[in-house]
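Colleague: These are the residues of each chain, in order.
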Amino acid sequence: MKQTLCAICAVLLPSICLAGARHFTFIYEAPTSPPGSFEIENYATTRFTNGFTEAVFRNELEIGISEHFQASIYFANWNYTRRFHYDTASIEVIHNLTNPVTDPIGISLYQEISGGRRAFESETKLIAQKNFGPLILAYNLTLEAEWEDESLREHNGEIQQAFGASYELSPRVSVGAEMLHEVLLPAWHSSEAENNFFIGPNVSYRGNRWFATVTALAQTTHTEGEADCQVRVIFGVSL
Amino acid sequence: MSAGACSRGHAREASRSGWPLPRTRGLLFSSLSPGERWTRSASEGKEFLASEFGAGIGARDAKLAATTILGHCTRCVAQIAAVVIILFIVSCANLAPPPEVSPALISNARFDHVDAEQLQNGRRLFLSHCLECHTLPPVSKYSRNEWPHLVSRMSGRANLSPGEQAAIVAYLRAASLTRH
Numbered sequence: 085m086k087q088t089l090c091a092i093c094a095v096l097l098p099s100i101c102l103a104g105a106r107h108f109t110f111i112y113e114a115p116t117s118p119p120g121s122f123e124i125e126n127y128a129t130t131r132f133t134n135g136f137t138e139a140v141f142r143n144e145l146e147i148g149i150s151e152h153f154q155a156s157i158y159f160a161n162w163n164y165t166r167r168f169h170y171d172t173a174s175i176e177v178i179h180n181l182t183n184p185v186t187d188p189i190g191i192s193l194y195q196e197i198s199g200g201r202r203a204f205e206s207e208t209k210l211i212a213q214k215n216f217g218p219l220i221l222a223y224n225l226t227l228e229a230e231w232e233d234e235s236l237r238e239h240n241g242e243i244q245q246a247f248g249a250s251y252e253l254s255p256r257v258s259v260g261a262e263m264l265h266e267v268l269l270p271a272w273h274s275s276e277a278e279n280n281f282f283i284g285p286n287v288s289y290r291g292n293r294w295f296a297t298v299t300a301l302a303q304t305t306h307t308e309g310e311a312d313c314q315v316r317v318i319f320g321v322s323l
Numbered sequence: 111m112s113a114g115a116c117s118r119g120h121a122r123e124a125s126r127s128g129w130p131l132p133r134t135r136g137l138l139f140s141s142l143s144p145g146e147r148w149t150r151s152a153s154e155g156k157e158f159l160a161s162e163f164g165a166g167i168g169a170r171d172a173k174l175a176a177t178t179i180l181g182h183c184t185r186c187v188a189q190i191a192a193v194v195i196i197l198f199i200v201s202c203a204n205l206a207p208p209p210e211v212s213p214a215l216i217s218n219a220r221f222d223h224v225d226a227e228q229l230q231n232g233r234r235l236f237l238s239h240c241l242e243c244h245t246l247p248p249v250s251k252y253s254r255n256e257w258p259h260l261v262s263r264m265s266g267r268a269n270l271s272p273g274e275q276a277a278i279v280a281y282l283r284a285a286s287l288t289r290h
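If you read the protein sequences in the order shown, they are chains A and B.
If you use this note's numbering, the first sequence corresponds to residues 85 to 323, in order.
If you use this note's numbering, the second sequence corresponds to residues 111 to 290, in order.
Chain A on its own, in the form it takes in the complex (with noise of 0.2 Å):
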């Protein structure tokens, strides 16, 4: 066993490098890793209403696979409310279409699979990306398809906008702010359609084998039941 992952790791490690940063956290970008790339990133998402509610993590593998086309596995999407609890694992495509800065506008589409005990999603997204010089502006659609429960009876949707700006000081930092409009339908029922609109600043470095980028963003439209305010984090890193 000891040698089989060995001989992987001889196999893998000289073309293994740092793949591509992330300037947001709510919304993905156009740009695709480039083709050989691999990278570690993990999310972390807290939630509060009046004090801590929860926090959510991701730990995904990202692998450029072409100049245009990437996949990622999400090895485990867990989270924290008074004990850990072990949620699903999901496997994501994305595919360029246009570049930000030679097209009008940088398309990508992306899918995601998720599957768990009990838990089954769909997320499909358009990604949209104008660069202006050092300042990008990006947007994402998404559609949410989620099945729980036993039997995976509960069935619920959600529709969701995100659009944000990012300004880069430097080669190493920018800042920026991302909105995030989410549309929830529980059960896919448009009269119970709950409205939640965030908003709030970004922040992002890059060293020479990592990247960090933290938002925080609060809720304008003061739902019952949603989170007043979350923040996330995520964390990359070469293999």
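The hints are simulated quantities; they were obtained by calculation from the structure and are not laboratory data.
This structure is a prediction, so every number in the text was calculated from the model and none was measured.
Heads up, a few of these hints could be off.
[Said to hold, decoys possible] Stretch-level coverage of chain A by chain B, calculated; a stretch enters the list once three of its residues show a Cβ under 8 Å from a Cβ in chain B:
#1 110-123
#2 282-294
#3 307-314
[As the list claims (entries may be wrong)] If you want the footprint, here are the derived chain B segments under chain A, 3+ residues with CB under 8 Å:
#4 213-221
#5 237-251
#6 265-276
[Claimed, not checked] Ranges between beta-carbon positions, derived for each pair:
#7 R220(B) / A128(A): 47 to 57 Å
#8 N279(A) / T178(B): 17 to 27 Å
#9 F136(A) / L287(B): 56 to 66 Å
#10 I283(A) / R220(B): 47 to 57 Å
#11 A188(B) / F136(A): 24 to 34 Å
#12 A203(A) / R254(B): 49 to 59 Å
Glycine included, every Cβ here is placed at the ideal spot set by N, Cα and C.
Use these hints to put chain B onto chain A, whose structure you have.
Modeller: What follows is chain B alone, placed relative to chain A:
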């Protein structure tokens, strides 16, 4: 949005909110020059509006109306400031995309003995691999001699093979001499 439009909007807003507008509403801002309207401090503004409204309605309602109007004014100023900052940032940035491979650029690359195909490849790699981590700097930001060192420093992160690295450097060295 102009200052006039802003004050008209606030008068409408106050009316909608249920506060009766006094007969003197025409004088609400008219006694001040546009500059004075915006340079008054919040407390001065509150006192001024309270005294203007105070004649027609209760002092408490007048203060509420004044606070609402000033709140809207502050938001307007913040929105205008945000637009000005964004326009300033965009105008400062060099928005031109990296130059296409043209005869002039090929001519610049003759010292490095690089052909057009290699330059095209270099441009394509620059646009895709470098963009994943950061925005693209203007090619003229660094000199011919600075680019090889910069690309070499980041080639590990961008997963560039020696051939790909050489193609990007060749393109950037040639492009840094072009005017666009």
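Colleague: For each hint, tell me whether it holds in the structure or not.
Modeller: For each hint, the structure was consulted:
no.	hint	result
1	110-123	holds (count 7)
2	282-294	holds (count 3)
3	307-314	violated (count 0)
4	213-221	violated (count 0)
5	237-251	holds (count 11)
6	265-276	holds (count 5)
7	R220(B) / A128(A): 47 to 57 Å	holds (53 Å)
8	N279(A) / T178(B): 17 to 27 Å	holds (24 Å)
9	F136(A) / L287(B): 56 to 66 Å	holds (57 Å)
10	I283(A) / R220(B): 47 to 57 Å	holds (53 Å)
11	A188(B) / F136(A): 24 to 34 Å	holds (31 Å)
12	A203(A) / R254(B): 49 to 59 Å	holds (56 Å)
In terms of the numbered hints stated before, the structure departs from hints 3 and 4, listed from lowest to highest.
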